[in-house]
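Q: Chains as they are written, first to last, in numbering that gives the first Met the number 0: chain A, 0 to 182; chain B, 0 to 280.
Read the hints as simulated data drawn from the structure, not as lab findings. Careful, some of the hints might be misleading.
Said to hold, decoys possible - So the derived label-pair ranges between C-beta atoms look like this: (1) B/K118 with A/E137: 27 to 33 Å; (2) A/L24 with B/R59: 20 to 26 Å; (3) A/S18 with B/S121: 40 to 46 Å.
Please read all numbers here as calculations on a predicted model, not as lab measurements. Built from N, CA and C at the ideal position, the CB exists for glycine as well.
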Amino acid sequence: MVEKRVSTPISDKTARSLSAGDRVLLTGILYTGRDAAHKRLFEMMKKGENLPIELNGQVIYYVGPCPAKPGAVIGSAGPTTSGRMDAYTPALLDAGLKGMIGKGLRNKAVVDSIIKNGAVYFAAIGGAGALLAQAIKEAEVVAFEDLGPEAIYRLRVEDFPVTVVIDSSGADLYKMGQQAYRK
Amino acid sequence: MRTVETGVIRDAVKQLCIDSNYYLPEDVKKALEQSITKEESPIGKEILQDIVKNAEIAARNGVAICQDTGFAVFFIELGQDVSLVGGDFTGAVNEGVRLGYREGYLRKSIVDDPFYRRKNTSDNTPAIIHTFIVPGDRIKITIAPKGGGSENMSALAMLKPSDGIDGIKKFVVETVDKAGSNPCPPVIVGIGIGGTIEQTTLIAKMALLKKIGERHPDPIVAKLEEELLEEINKLGIGPQGFGGRITALDVHINTFPAHIASMPVAVNMQCHVARHREVVI
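Start from the sequences and build out the full structure, keeping to the hints where you can.
A: In structure tokens:
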């Protein structure tokens, strides 16, 4: 098992250096975004409007965090199921998005777009939101505040632990892992 | 007749919302700890260790185990010798949810309309309340906050009686296999067999309230639970779907008499954050 440290935003070269199964610690900026925020970003792109965040080289974390307790940066903040974002993802990747953090399966259109754009799909541990929140050092809402937990936050993370599930060649840890242990 | 103020119900509900989201049931935590040694995959072992560590952090810091603090689902046994005074029962439960989710810093995850407006209700209401009138003068309130990720992987099949045990097994194992990494494995699988369409899904959900390792009193059903657990853990999905032995921590079945024409089967998937908690008033 390889453990790598990667800073975000991610360069094309770095994205292509990651392989399915790598354990990665991310440091830098992540943008949050889940169902409702994706729908809005997608509709803005269709209309040719300027987006509230820059996508080039960025990583989107599929999460709707709990509110922060007084004195805390953020509440529990683990990944949500990625497949619900599949309808919007190829357009975001074409616009420069380099990485996604979530959990669960992606459809073929997303995998094809990951290969085409040299991007990477990471998974964080679903249901470990209290643990993952400890790696989040700053959090600020930057768009769609009216969406509550679905607003877009800009997060600054240090050594945020993820695993590469689908790499830029299309290799898929979910398939590889399950094949190895299926009886 | 015993008189109970609905304000007491509201306060109990508020505390249940908070405590169920901060403290993982002991049996679930123990099962996760034990699964670390059983898991063969190195990455699977690490994931299970992190999941246990996460539950410890949540309990110690008083924060949600998972950010998806769920739909607030209640099972309430209301003793028929209780007279409720001081206001509306459903309103008291919803007020408890409103207070618990606000004061516990829990996420508000409910939208007011399912398919066109989808505006967040901002207080996690309405709750889903299943009420049962029972003998006695007590009120037992059980909360089982349910996350969307695992709920979305649940399924229902209106099987034919001729499909038999093999048909049930095939449907359950295929449902878990298809769900793969989506419902946050290791999962707990709640199964309802029999009744009508709504009864079978309700008893499937109630099967998730059982303790890990608890077997159905009917030995034939208990055997089916054990066989299903074994088959599911041969799928190789493993913790978080990265491959491994521990795909499910347990399988629980509830049954109900069926119509001569029917054999409905419901599978309610539950992630490893298997929250439920009860209080008796």
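Q: Using the beta carbons of A/S18 and B/S121, state whether their distance is inside 40 to 46 Å or not.
A: 43 Å, holds
Q: Has the hinted range 27 to 33 Å been met by the Cβ atoms of B/K118 and A/E137?
A: This hint holds: roughly 29 Å between Cβ atoms.
Q: Go ahead and decide if the range 20 to 26 Å is satisfied by the Cβ distance of A/L24 to B/R59.
A: Because 23 Å falls inside the window, the suggested range holds.
The structure agrees with every numbered hint stated previously.
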